[in-house]
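Per the numbering used here, the very first residue in the sequence shown carries number 150; after that it's consecutive.
FYI, nobody ran anything at the bench for these hints, they're computed from the structure.
Mixed in with the good hints there might be a few duds.
Simulated crosslink set (DMTMM-like; lysine to aspartate or glutamate; CA at most 20 Å straight-line) [unchecked claim]:
| hint | residue 1 | residue 2 |
| --- | --- | --- |
| 1 | Lys567 | Glu649 |
| 2 | Lys405 | Asp420 |
| 3 | Lys567 | Glu598 |
| 4 | Lys365 | Glu460 |
| 5 | Lys405 | Asp381 |
| 6 | Lys284 | Asp230 |
| 7 | Lys373 | Asp230 |
| 8 | Lys373 | Asp396 |
| 9 | Lys438 | Glu404 |
| 10 | Lys284 | Glu227 |
| 11 | Lys705 | Glu384 |
| 12 | Lys373 | Glu404 |
| 13 | Lys355 | Asp230 |
| 14 | Lys405 | Asp386 |
| 15 | Lys438 | Glu455 |
| 16 | Lys405 | Glu385 |
| 17 | Lys438 | Glu581 |
| 18 | Lys567 | Asp691 |
| 19 | Lys438 | Asp420 |
| 20 | Lys705 | Asp743 |
| 21 | Lys438 | Glu612 |
| 22 | Lys567 | Asp717 |
| 23 | Lys355 | Glu227 |
| 24 | Lys373 | Asp420 |
| 25 | Lys373 | Glu455 |
| 26 | Lys705 | Asp674 |
| 27 | Lys438 | Asp396 |
| 28 | Lys438 | Asp414 |
| 29 | Lys567 | Glu764 |
Just the calculated beta-carbon pair ranges, DEER-fashion [as the list claims (entries may be wrong)]:
| hint | residue 1 | residue 2 | range |
| --- | --- | --- | --- |
| 30 | His613 | Thr707 | 49 to 55 Å |
| 31 | Ala494 | Val287 | 29 to 35 Å |
| 32 | Glu744 | Pro703 | 18 to 24 Å |
| 33 | Thr658 | Gly610 | 53 to 59 Å |
| 34 | Gly448 | Gly741 | 38 to 44 Å |
| 35 | Lys438 | Ser673 | 25 to 31 Å |
| 36 | Lys438 | Ile628 | 53 to 59 Å |
| 37 | Arg229 | Leu493 | 29 to 35 Å |
| 38 | His391 | Ala677 | 55 to 61 Å |
The beta carbon of each residue, even a glycine, is placed where N, CA and C say it ideally should be.
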Amino acid sequence: MENHSHHHGAGHAPHPPAAVAPAAAQAPGPLQARSGGATIYTCPMHPQIRQDRPGNCPICGMALEPLLPGLEDDDNPELRDFSRRFWWTLPLTVLVTVLAMVGHRYGDFSAQARSWTELLLSAPVVLWAAWPFFKRCVQSIGNRSPNMWTLIGLGVAAAFVYSVAATLAPGWFPESFQAHGRVAVYFEAAVVIVSLTLLGQILELKARGQTSAAIKALLGLAPKTARRINPDGSEEDVPLAHVHVGDVLRVRPGEKVPADGVVLDGESSVDEAMLTGEPIPVGKRSGDKLIGATLNTSGALTMRAERVGAETMLSQIVGMVAQAQRSRAPMQRMADQVAGWFVLAVIAIAVLTFLVWGLLGPEPAWVYATLNALAVLIIACPCALGLATPMSIMVATGSAATRGILFRDAAAIESFRKIDTLVVDKTGTLTEGRPAFDRAIPAPGRTEEEVLRIAASLDQGSEHPLAQAIVAEARRRGISLSAPETFESASGIGVRGTVEGRHVALGNTALMDDERLAWQPMSSDAEALREQGASVMYLAVDGELAGLLSVADPVKDTTAEALRLLHDAGLRIVMATGDGWTTARAVAARLGIDEVHGEVRPADKVALVERLQAEGRRVAMAGDGINDAPALARADVGIAMGTGTDVAMNAGHVTLVKGDLRSIAQARIVSEQTVRNMRQNLLFALVYNALGVPIAAGVLYPVFGWLLSPLIAALAMSFSSVSVVGNALRLGRSFR
Numbered sequence: 150m151e152n153h154s155h156h157h158g159a160g161h162a163p164h165p166p167a168a169v170a171p172a173a174a175q176a177p178g179p180l181q182a183r184s185g186g187a188t189i190y191t192c193p194m195h196p197q198i199r200q201d202r203p204g205n206c207p208i209c210g211m212a213l214e215p216l217l218p219g220l221e222d223d224d225n226p227e228l229r230d231f232s233r234r235f236w237w238t239l240p241l242t243v244l245v246t247v248l249a250m251v252g253h254r255y256g257d258f259s260a261q262a263r264s265w266t267e268l269l270l271s272a273p274v275v276l277w278a279a280w281p282f283f284k285r286c287v288q289s290i291g292n293r294s295p296n297m298w299t300l301i302g303l304g305v306a307a308a309f310v311y312s313v314a315a316t317l318a319p320g321w322f323p324e325s326f327q328a329h330g331r332v333a334v335y336f337e338a339a340v341v342i343v344s345l346t347l348l349g350q351i352l353e354l355k356a357r358g359q360t361s362a363a364i365k366a367l368l369g370l371a372p373k374t375a376r377r378i379n380p381d382g383s384e385e386d387v388p389l390a391h392v393h394v395g396d397v398l399r400v401r402p403g404e405k406v407p408a409d410g411v412v413l414d415g416e417s418s419v420d421e422a423m424l425t426g427e428p429i430p431v432g433k434r435s436g437d438k439l440i441g442a443t444l445n446t447s448g449a450l451t452m453r454a455e456r457v458g459a460e461t462m463l464s465q466i467v468g469m470v471a472q473a474q475r476s477r478a479p480m481q482r483m484a485d486q487v488a489g490w491f492v493l494a495v496i497a498i499a500v501l502t503f504l505v506w507g508l509l510g511p512e513p514a515w516v517y518a519t520l521n522a523l524a525v526l527i528i529a530c531p532c533a534l535g536l537a538t539p540m541s542i543m544v545a546t547g548s549a550a551t552r553g554i555l556f557r558d559a560a561a562i563e564s565f566r567k568i569d570t571l572v573v574d575k576t577g578t579l580t581e582g583r584p585a586f587d588r589a590i591p592a593p594g595r596t597e598e599e600v601l602r603i604a605a606s607l608d609q610g611s612e613h614p615l616a617q618a619i620v621a622e623a624r625r626r627g628i629s630l631s632a633p634e635t636f637e638s639a640s641g642i643g644v645r646g647t648v649e650g651r652h653v654a655l656g657n658t659a660l661m662d663d664e665r666l667a668w669q670p671m672s673s674d675a676e677a678l679r680e681q682g683a684s685v686m687y688l689a690v691d692g693e694l695a696g697l698l699s700v701a702d703p704v705k706d707t708t709a710e711a712l713r714l715l716h717d718a719g720l721r722i723v724m725a726t727g728d729g730w731t732t733a734r735a736v737a738a739r740l741g742i743d744e745v746h747g748e749v750r751p752a753d754k755v756a757l758v759e760r761l762q763a764e765g766r767r768v769a770m771a772g773d774g775i776n777d778a779p780a781l782a783r784a785d786v787g788i789a790m791g792t793g794t795d796v797a798m799n800a801g802h803v804t805l806v807k808g809d810l811r812s813i814a815q816a817r818i819v820s821e822q823t824v825r826n827m828r829q830n831l832l833f834a835l836v837y838n839a840l841g842v843p844i845a846a847g848v849l850y851p852v853f854g855w856l857l858s859p860l861i862a863a864l865a866m867s868f869s870s871v872s873v874v875g876n877a878l879r880l881g882r883s884f885r
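Please work from the sequences and hints to get the whole structure.
Shown next, in the form of structure tokens:
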């Protein structure tokens with residue numbers, strides 16, 4: 150087992166270490182969960198158990214499941230096996246039960262003949278149908294990990310062996326064991342326990358199969374083929390596995406995008422709802438990014454594949470969901486410890502029950518002793534206790550993923566609801582992260598168009614995002630640009646060059662000072678623009694100030710609503726940005742942010758998170774860049790924007806595929822509801838056992854005359870597990 154501390158600052162793990170699958174420590178692609186084509190199997194309750202074939206968990210005896218369900222994995226071998234054993238032996242169970250209940254009323258059927266008939270009918274049920282139970286019981290004793298199968302195996306074996314002895318050698322038993330003219334036998338208790346346990350397992354395995362529905366839905370999104378355009382211009386449909394990085398692909402209307410990549414040609418709207426939760430199709434044109442498995446709705450596109458196979462966003466998402474579903478909540482470790490001691494306590498209570506009833510109970514005392522000890526063993530199965538949290542985690546992570554919220558592990562779900570402070574980066578988190586042209590202000594005697602034309606002509610040679618925003622605006626307005634005769638980038642302060650024979654400089658005040666040019670006449674205009682959150686550049690032509698240009702990073706349409714939702718949820722919002730203080734304060738004032746920090750370096754973000762934690766706050770950090778990764782890892786919960794870098798996504802505990810802050814409010818609701826569901830399940834399992842065991846032991850008999858037959862105990866045991874799984878599945882519906 151390993152924890153996640155390898156993602157974090159030395160010596161600091163923000164969560165209690167969660168048992169996480171070694172193979173999946175770094176958000177695996179789904180292909181890694183099937184090493185070399187072989188499926189890896191793991192236990193839903195003990196994710197550290199891994200093997201390359203189906204089988205049973207050596208700790209709890211549960212059937213192992215594929216680490217990553219495949220679309221073709223609908224056929225569960227254990228479910229098939231248990232169903233066969235159940236249906237073939239059910240008629241025998243019914244016959245044995247009827248004989249035991251009413252056989253004594255028919256005088257022509259001797260008591261001894263009845264016992265022999267019941268033995269012959271129940272032998273196939275106990276020796277064949279219950280064989281997997283005995284195997285797991287022996288395994289649990291050998292592994293020194295007592296579990297539900299220890300109790301079931303001991304209970305069924307005790308009832309059957311005692312009854313066989315009573316049938317073969319009735320003379321061994323004292324008078325007190327006689328009932329209805331024979332030594333009492335409990336074949337019906339043994340067979341009914343077997344049939345009901347099989348039924349409970351069938352219902353539980355079917356319900357457990359539904360928890361992987363979310364992953365199967367995600368896997369089903371990927372198209373099977375892609376249309377590749379060959380270098381000679383010919384086109385062919387190829388299987389998705391044959392698409393390589395750099396291939397040019399055609400995506401026709403109504404088809405799914407085959408891989409992650411970039412649009413080369415064409416315009417269309419792409420429906421990304423299945424991966425991002427964004428309901429409105431997103432417009433795409435040349436240069437825009439495409440996500441594999443999303444649906445092209447209207448126009449035809451040609452694209453270049455940039456990520457294929459296990460590298461695609463869909464694969465990363467499936468891998469993260471599978472990994473989160475198999476991680477353990479801190480709450481689960483408590484339940485596991487309780488379950489082991491609980492089984493030993495139950496065996497002790499069963500032995501005590503047997504002795505007290507046998508020595509002190511009413512006649513036939515040892516008959517009561519046997520029945521009550523059996524009922525104690527059967528009703529106390531801790532299966533429901535073990536299933537309580539894994540089922541909730543599997544349902545929650547799967548349902549959240551279809552809304553574009555990816556939890557890296559169960560600990561992240563459990564701790565998210567406690568967050569009271571959110572630290573956000575500005576660029577790409579609150580804003581679009583892409584600078585857009587704002588305005589041009591000409592100096593007296595110049596026009597706005599002239600200022601834009603000269604600046605854009607010079608900027609054609611620059612790779613800087615601010616320069617590209619100016620060039621894009623000039624082209625959008627249809628302004629014809631001249632090629633610069635010379636071009637020079639003045640590091641960090643602007644650009645210089647020659648346009649149409651004139652010396653042009655474009656940059657900040659430091660560049661203007663360098664050019665020995667008076668920029669102060671327009672400084673008040675520049676400051677007014679900065680207060681609105683824009684970056685400002687001065688333009689000089691032949692040693693004269695020609696005007697100002699401003700470029701702004703627009704705030705996302707969804708940001709204001711997201712911050713209102715988070716404030717309503719009681720969160721304090723802190724903004725930390727590398728931008729200047731004027732811009733930072735302008736954005737913070739416009740959005741109603743509680744606390745603002747400007748000109749922040751990556752190390753300062755980590756220090757800010759640590760300072761807030763020292764004040765006793767539970768801190769979440771949301772960011773999208775490589776520079777945010779250390780702070781994401783240091784925070785109690787790191788929230789990576791899926792629109793950002795892989796490094797940020799690997800450092801975060803939660804990834805928002807769409808990069809929409811509104812999802813943080815949704816993720817908090819998921820966290821609260823999941824923890825509530827886990828608590829309900831644990832309470833249900835514990836209360837049920839706390840009430841069931843004393844009743845089975847017969848403590849209510851002296852007062853009310855109540856006893857719990859082993860048959861009712863077996864029925865109750867099966868349905869406790871099924872109800873826990875059912876309650877977890879209800880969680881998935883509550884998110885809709």
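ask   = Against which earlier hints does the structure fall short, listed by number upward?
value = 1, 3, 5, 7, 11, 18, 26, 30, 31, 33, 35 and 36
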